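Here is how the chains run, residue by residue.
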Amino acid sequence: MAGVGGAETTARKVRWGVLNAVVVIYALFPVLWIASLSFKSAATLTDGNFVPREWTLDNYANIFATTEFVRALLNSIGIALIATTIAVVFGTMAAYAIARLDFPGKKLLVGVSLLIAMFPQVSLVSPLFEIERSLGLFDTWPGLILPYITFALPLAIYTLSAFFREIPWELEKAAKMDGATPGQAFRRVIAPLAAPGVFTTAILVFIFCWNDFLFAISLTSTERSRTVPVALSFFTGSSQFEDPTGSIAAAAVVITIPIILFVLFFQRRIVAGLTSGAVKG
Amino acid sequence: MTLDTAPPPVKQVRRERPTPPRGPGGASRWARRAPLLPALIFLIVVTQLPFVATLVISFMRWNSLDPTNRGFAGVDNYLTVFTDAGLRSSVVTTVVLTAAVVLISLVLGLGLALLLDTKFRGRGVVRTMLIAPFLVVPVAAALLWKHALYNPSYGLFNGVLTWIWGLFGSQNPPQPEWISEMPLSAVVASLVWQWTPFMMLILLAGLQSRPMDAVEAAHIDGASPWQVFRYLTFPHLRQYLELGGLLGSIYIVQNFDAVFTITSGGLGTANLPYTIYQTFFQAHEYGQASAAGVVVVIGSMIIATFALRVVSSLFRDEVRS
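Protein chains in written order, with our numbering: chain A, 675 to 955; chain B, 350 to 670.
Next up, chain A with everything else stripped away, as it sits in the complex (with noise of 0.2 Å):
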């Protein structure tokens, strides 16, 4: 674009201070704002202010002294692993075969498992609550691993074939004709090529099952499979007589940490990963 040079700095400046104000307002004041409430003391937590004015991990203290949180917190990563080492590992297999083999009715199977990802998760719940009393499954780990890994299997499959579609195949065969078997060919040349886009799906595969909430309150009932939303969303504080606030804003922050470390370190390919499952299909 021609534009004078100095007219366009200012522009920039400009735009560079509206973009600021604009993600420090929305995106990070009401985060910030729960992490301060979650340091205030119980008396100074109704003052307004936004930096405390006594800080205190009492909040946190109390959270990890219940048995309800710390429970919750490894059904919620015991469940989220299991569930998206499963579904990653089917996804892959699936994926592959989507981006790199050819067979008629290729596209009815991808939409039948496209259909699926958009299956309303609340039609489900009550034949599963039914079905899962019956075989034993209600309020069990596997109760909800199941019904994380349908739900998470069609985004691994898009994800994965998007990443997988950009793979140089070329190389495989290349391998082959120096003398690799298949095996070989895969596990030396395709799977290094294939590992950043496993690792990427296996992030929003995670974070798919951490953040679910309708399953895990419709499928557990008490704390031997209760996972954190749930838990979070029955706290009532360490005695009746306390305002949960302060206990809720500690366990909204200790949930969201380890999203918020994920996406700080792997920010660029869970982006990719977002548009290229979103958009390329």
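I should point out that these hints are in silico values taken from the structure, not numbers from a laboratory.
Any given hint might turn out to be false.
[Stated by the list, open to error] To be clear about the criterion: a stretch of chain A counts as covered by chain B if any three or more of its residues have a C-beta under 8 Å from a C-beta of chain B, and this derived list gives those stretches: (1) 786-793; (2) 821-833.
[Stated by the list, open to error] Under 7 Å between C-beta atoms, here's a sample of chain B residues computed to sit facing chain A: (3) T396; (4) P399; (5) G642.
[Claimed, not checked] A few chain A residues facing chain B, derived, Cβ under 7 Å: (6) M767; (7) Y770; (8) L802; (9) S808; (10) L906.
In this text the structure is predicted, and so the values were computed from the model without any measurement.
Glycine residues also receive a C-beta, built at the ideal position from the N, C-alpha and C atoms.
Based on the hints, put chain B in the right spot on chain A.
Showing chain B alone in chain A's frame:
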């Protein structure tokens, strides 16, 4: 059992269109599909078997508190869904909620995407921070809005109002009870906050796939920025806007977390998923809940079909260019 009956349509399609001449024998043709099968079988078993159960139950008279009175009810449950005042109003709420959230977050997302489309220092950081709301655990986000922002005594909104009024020396700032005074807007605002980043990402991808030579040519020919936006950028973005709108609709129609957390479905904010949840877990009306579930499925499938069409047309464009 249903497993055996599910795959045949797929098989038939395969027979209709045989593999190209170079295709190998039957066994190896199956081997090609093998990697896809575990995922597909899994998907069908976990979603379609329960769905068949929903379909069956939706035609039954079944309240778990009244186990003796169970039997075939015909379309009674569906009639209830469409005539019961509570359920009907929840259909309206769902439509209003979805439309409001999708439209507002599309407009805001477009604004942010246009801002982010220029190269400047720290663009990556800004983009990362902007997608943060989309990645915050939804229940935590809803709780954040309910307790940290809307709370009349220590919420951020009323805190800011106090501060602004304080600047002008006033001691009596307005302190609205956000959730009870404007329940539906409260839910909409929190969802818009979460979904704008998603729209922004999709629209940003659209902006960046725009053919830049045409834009430059228009600039050289003296087109104003508005004209460039109106006649070049906007037509190109239309598909992406559609895609964002459709995907957003599919997920917001299903929203449960925000309604459950912020208002517990009270004050006229109960949408269909929340009502179904309540009909099932509190009223124990399994038949009615299932019928409402089937209605939601049909609605989503209609939106999803449109979404699929947009996705595949985008994909064709990409191949062609």
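Hints violated by the structure (numbers, ascending): Violated: hint 9 alone.
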